[in-house]
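Engineer: Listed here are the chains, written in short residue letters.
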Amino acid sequence: KAGVTQTPRYLIKTRGQQVTLSCSPISGHRSVSWYQQTPGQGLQFLFEYFSETQRNKGNFPGRFSGRQFSNSRSEMNVSTLELGDSALYLCASSLLGDPQETQYFGPGTRLLVL
Amino acid sequence: AQTVTQSQPEMSVQEAETVTLSCTYDTSESDYYLFWYKQPPSRQMILVIRQEAYKQQNATENRFSVNFQKAAKSFSLKISDSQLGDAAMYFCAYRSALYAGGTSYGKLTFGQGTILTVHP
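Same order as they appear, the protein sequences are chains Y and A. Counted from 1, the first sequence has number 72 at position 72 by the numbering used here; the numbering is strictly sequential. Counted from 1, the second sequence has number 100 at position 100 by the numbering used here; the numbering is strictly sequential.
Calculated directly from the structure, the hints in this document are not laboratory data. There could be a bad hint or two in this list.
Label-pair restraints from in silico Cβ distances [to be verified]: (1) A/29 / Y/62: 23 to 31 Å; (2) Y/13 / A/71: 25 to 33 Å; (3) Y/102 / A/11: 18 to 26 Å; (4) Y/114 / A/71: 43 to 51 Å; (5) A/61 / Y/1: 18 to 26 Å.
Values in this document were obtained by computation on a predicted structure and should not be read as measured data. The C-beta atom is built at its ideal place from N, Cα and C for all residues, glycine as well.
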């Protein structure tokens, strides 16, 4: 079974631009979570989607948004990019998003904001 | 809010030796899950081992085992017979088992990580 895939793997943007990152979960998985990883703040939870609905959200400004499609693929969008948004963005999928389930992570998208 | 602390930014071990990575957490909940994830230089996060808080028995997965002390809120990872491929960043993570308000959906709370170096 194919793992979680994320595209693109690398992105370079300039301040003020917006960016869209994509995540395809493992086949059959309906829950997708997003995390931001930076050297200073570590790994922080962004949001979780299940059946096209956002069920949980971390403490990030409204510039960070996401959505999920009927095939469970998810996208996250960051508008008006700031230098501090430079990070590795990871998505993870699980079957239903229940607490006892293991989350399987993708390879991440490295975003550099200049 | 739950917090996870890994007090060892870096650790090193000789190949074939044993190393223990420390993790403490703070929570007022009684039911939760704890995880150790490994992130090698390739950046793909991989689950190493998981522990259910309601289970007293410590989890083991081949060369990896944990020492779960619920009262002390401690969750250490022991790697036996260390191999060069074990070199990575290791993250301890907490997951609430509660559904109240949807705050547990998807959310893993991570520690800051421990970089493990394995010397040949």
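Engineer: Run every hint past the structure and note whether it holds.
Structural biologist: Hint check:
1. Checked against the hint of 23 to 31 Å, the pair residue 29 of chain A and residue 62 of chain Y passes, with Cβ atoms roughly 29 Å apart.
2. The given range of 25 to 33 Å is broken by residue 13 of chain Y and residue 71 of chain A, whose C-beta atoms sit roughly 48 Å from each other.
3. At roughly 25 Å, the beta-carbon separation of residue 102 of chain Y and residue 11 of chain A lies within the given 18 to 26 Å, and the hint holds.
4. For the pair residue 114 of chain Y and residue 71 of chain A, the supplied restraint of 43 to 51 Å holds, since their beta-carbon distance comes to about 49 Å.
5. In this structure the supplied range 18 to 26 Å holds for residue 61 of chain A paired with residue 1 of chain Y, their Cβ-Cβ distance being about 20 Å.
Violated hint: 2 only; the structure is consistent with all others.
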